[in-house]
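Take the given structure of chain W and dock chains X, L, E and Y to it, following the hints.
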Amino acid sequence: MTITPEFRPAPGDLEEHEFLVNMGPQHPSTHGVLRVILRVDGERLVDAIPDIGFLHRCFEKVAEGWTYQQVVPLTDRLDYVSAMTNELAYVMAVEKLAGIEVPERAQWLRVLVAELQRIASHLVWFGTFALDLGATTPFLYAIREREHILDLFEALCGARLTYSYMRIGGVRGDLPPGFVGKTREFLKLMPSRLREYENLFMKNRIFENRTKGIGRVTAEEAVAYGASGPTLRGSGVDWDLRRDEPYAAYDRFEFGVPVGQSGDVYDRAVCRFKEMYESLKIIEQVLDGLPEGDVRAKVPRVLKPPAGDVYTRVESPRGEVGVYLVSDGGPKPYRVKWRAPSFAHLRLLPVMAKGHMVADIVAIIGSIDIILGEVDR
Amino acid sequence: MIDVQYAVVLGVLLFGVGLFGALRSTNAVRILMCIELMLNAVNLNFVAFARMLPQGSAAGQVFAIFVMAVAAAEAAVGLAIILQVVRQRGVAHVDRINLLKG
Amino acid sequence: MSILDRLVLFLPTLGFFVLGTVILVSAWMVGQVRRITHAAFFMVLAFTGVAGVFVLLGADFLAGSQVLVYVGAIAVMFLFAIMVSDLKELSGPAAGSGPGGSGSRAPEGDGEAAAARTAARAWVLLAGLVAVAFAGIVLAAVAKAGLPEVSVPAASGEPTTVLIGRELFTKFLVPFEVASVVLLAALVGAIVLAAREDKDRGLGEEADSGAGAAGRRNGGVTA
Amino acid sequence: MHNLTSLLTGFWSFICGLWVTLVNTVRPPVTFQYPEKYYVPLEGFRGYPALVVDPETGETKCNGCQACARACPLGVIHIETAQREDKKRYPVEWRLEFGRCMVCNLCVEACPFGALTMSPEYEFAEYRPEDLVYTLGNLKLPPEGFEVRRLDGSTVRTGLAGGGRG
Amino acid sequence: MPADLGAFLQGVFDQVHLWASQSPFWSALFTLGWGIVKVVLVLGFIIVNVLVLVWLERKFSGRVQSRLGPMRVGRPHGWAQTIADMIKLLGKEDIVPRAADKALFVIAPVVIFTATMLVYVVVPMGPRAIVSDLNIGVLYLAAAASFTVISVLMAGWGSSSKWSLLGALRGAAMLVSYEVPMVLAVMGVVLLSGTLSTNAIVKSQSGLWYILVQPIGFLVFLAALFAELNRVPFDLAEAESELVSGFNIEYSGLRFAFFFLAEYANLLALSAIAVTLYFGGWQGPFLPPFVWFMLKTYGFIILVMWIRWTLPRVRVDQLLEFGWKVLLPAALVNLAVTGVYVLLT
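Protein chains in written order, with my numbering: chain W, 1 to 377; chain X, 378 to 479; chain L, 480 to 702; chain E, 703 to 868; chain Y, 869 to 1213.
Quick caveat, the hints were computed from the structure, so don't treat them as lab data. Please read these numbers as outputs of a predicted model, since none were measured by experiment. A couple of the hints might just be wrong.
[Said to hold, decoys possible] Examples of chain Y residues lying across from chain W (beta carbon under 8 Å, computed):
hint, residue
1, R935
2, K1030
3, E1108
4, S1109
5, V1182
6, R1183
All residues carry an ideal CB built from backbone N, CA and C; glycine is no exception.
Looking at chain W on its own, in the form it has when it is part of the complex (with noise of 0.2 Å):
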């Protein structure tokens, strides 16, 4: 028996015992809108399936009315947490299709935000898990701390959540007086803030019983339902756009990547909040050389790519934007095709729920991170 969304049970239907319970679309941990049927025996899952779409703005559709610059404030609204690298990802592609080359401070600019914005995402990530396994105090303290980048953001860009920043062929401002010595105060201060958090609740014994050994993926579920970023990492594949296949300026920084060993939500986890030491690396690194020279190339007001396809992706703090972009030679794009990591990892959270508690697919779902702002797009 299949259980759809509009499934009603009948007599006979579900095993003694059982029953189906609607988690969502209101429910505190679905992060979002969100509806998971959940078809339980007393506390234990017997199934999860997820039911999207009540966030879906036909974002594909609209993007292909609109010209390829006014695209750009559109994306942000995919992946709200991580609105720079969505943004990244789509400007990449337009300027692919167009053969625009874009100067190299732009590029590193564009490391430095993506980094302060995966930082970012983390925060929000590390504090609504934390509320998902009852601590509240964390989530605070990640607000908190994601203050700093987000008036780093707002004074970058004048927004502190849809930036609208990149721009095809470069970004849309240089940095404003004080940013580098404000970041260098942020990076001086986040260490010790990310220790604390290690001491608060990552390395506390209820979250580590809590999350050890649940959810589990293994490395070959996780490629074939194409799982990517820290849920790919977690189950062990070393996989990272930013190392494997370099775009704007990452060829040029030492960073190192976190993998994971058994794919439970320990190590998604853990490979995510480690990853946040490794930003920190990054954005120093940036900030250390970051060289001279314009932010934006020069691009025709109206701009027509030549008729063709691209398809660009980039590491977002979720994993793996992937955009593919259709030009007929006209000023619109023909078709915009977004893929979406968390989508992905939706998809692997029967798998990863069969066998649990309800209790743990709270965790699991607050594991994998999902937006669904880009679920339903």
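The following block gives chains X, L, E and Y in isolation, referenced to the frame of chain W:
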């Protein structure tokens, strides 16, 4: 002042009500509940009779404690059996649990 | 002694009668009320009432144990069993049905249904007769026995805890040990019987630690 | 034995966590009471697109070229112009449907005359949706501008007549 | 001056008592009146303290989390916030879900509040400030706690919601399995003091607090206390991020206020019990006993809150495993060692 005999009468009545409930219902869990009530009635009588013993003896109360222990054991095992029967046969009606009849 | 004083002296008796009524009514409801969860909660009420009578009879320690064991353990165990299994069979109406099938389950023919209903009614009548006969006989015996008239609360020298403790660990030491063995056996037996077979799950030991199984197990232990 | 050590390390991990919360208890709060203490935005904060006023004439710099309206992805800008005696065009009506605006800054960048800028205001709440349609009257920046912060801690005035960041 | 006033009141009380004991009627009336006064005093005590506690919890959590906490209603520091919240709750629509088992749904909040109230009967707040010094005090406490389980089950089942049923089953399993180690841990104290009466336990601690001689017992008691209080790390019955709000999910308005009130009243009661059993109760130098009692109780409450705002939540199977495999053996060992000690001395 309460006469201890009142308590004895109350015990008897409670036992009667429990007996009636146990006899007339067919739901195994309910029968078990009624048996618990009957055991309670017994306890009531023990405590009441303990009052008629000479001062300084609590034999009746001690017996009541034993009854409680037995009642708890009986409830635990009884419920476990009922749950197992329900799980395997899907019925909790005693008259339909007639495995021995074939 | 004024009339008011007499009235006051009558108060404990009045309390006793009120409690007795509560006990009897809720005990009656345990057998009659339609939903089995309600029956369980009425059982809790009856237990609590009995504890109250124990207090009136000067057995405070026993009253505490009564609440702890019956309300805190046995009733919770019942409720758990009912709620965890959540079966129509278990929670459906049970009263008013006799042997040979309950009246609520509709058999094929009309005549058969009527026959079943008659049988059920006869069964209820029989049960009532048995219960009334029993109560009558015992009451008669009590009346005949001429029990000594003892008023409570009587002035007792020592707290009941001391009394019970002394008796339990001297005169009744062997029964006490036997009772503990009985409890242990019941505990093991209940776990063995109630634990679910989890072969198909492949999770083994881990699987029966869910709320349901654990609750049943706990009930056994606290008892 | 293993269990005992595990119990003790677990207990120690709780102590570590308790220490962290204790340390944070003595740190000053990062929140403040908002209406009593106004959050001063950073320079360049994007509130809503506003019209820059020419300090000499007191008029807007906009000549109604529609570049912003064309750049707007959502089409929330509507401009009607008229011609003055000196052949220069000026807007008689400048409407911004702010309820639909997503504050993407594209209009500001599209303006060839620097007539648009982002106002650093952020209090937009209105009781009626039609109040969210801004017109020429309330789109003009006040001549005294706004006070904004900079990352280095200094405060500056922005949105002054004649200024405007691209 | 307060001591004089106390002596004066005591004198008046004794005179009235003496006069009333002349006839059964007046004696009964006196008992009744005195009982009513006690109940009103306790109720007032509970409500005032709950208001303070809710505010304190929010302020404290704000402090821990680098926030301000309530500031708006009542200055300074939003002291009137809880009062405003209570008024808001009272003004809310009273919703009984259509599918709910109405009787159970309506009775459950009353039962839980009554069960909480019952605990206060044996809380000694001073040498004579105790509602009734029962000689089965500790047993009475355990018995009173049983009703909490019943009411949680009532609320969970009565709501006819799957989430609340899950919450109730979790809560009941937790309460039942943590009551055993709790009672066993307390038995260590009972063995040492040789009495079940709470006031006598306090009096026996004039030299040495029992936390110093019963550290393991205290830790077991503390862990079980979190389960009884339904607090993080053992807040499984409510488990906001899992079961939304657990057994009280369907409650609103006044009925929810009852649960809320009961939760904090329980926090206060169990903290007072902990202070009574392990921290010497109202005993202390210089200050009046009641002040000592309140100081210790609030200190303990702060500890409980501090732990709550630090730890994540455990899972239900781990919780039960912890209860049965760690707490119960620890409590038994503690009891056995204490027993041997008492036997030897």
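Status of the hints after comparison with the structure:
no.: 1; hint: R935; in the structure: 6 Å, holds
no.: 2; hint: K1030; in the structure: 5 Å, holds
no.: 3; hint: E1108; in the structure: 6 Å, holds
no.: 4; hint: S1109; in the structure: 4 Å, holds
no.: 5; hint: V1182; in the structure: 5 Å, holds
no.: 6; hint: R1183; in the structure: 5 Å, holds
The structure is consistent with each of the numbered hints, conforming to all of them.
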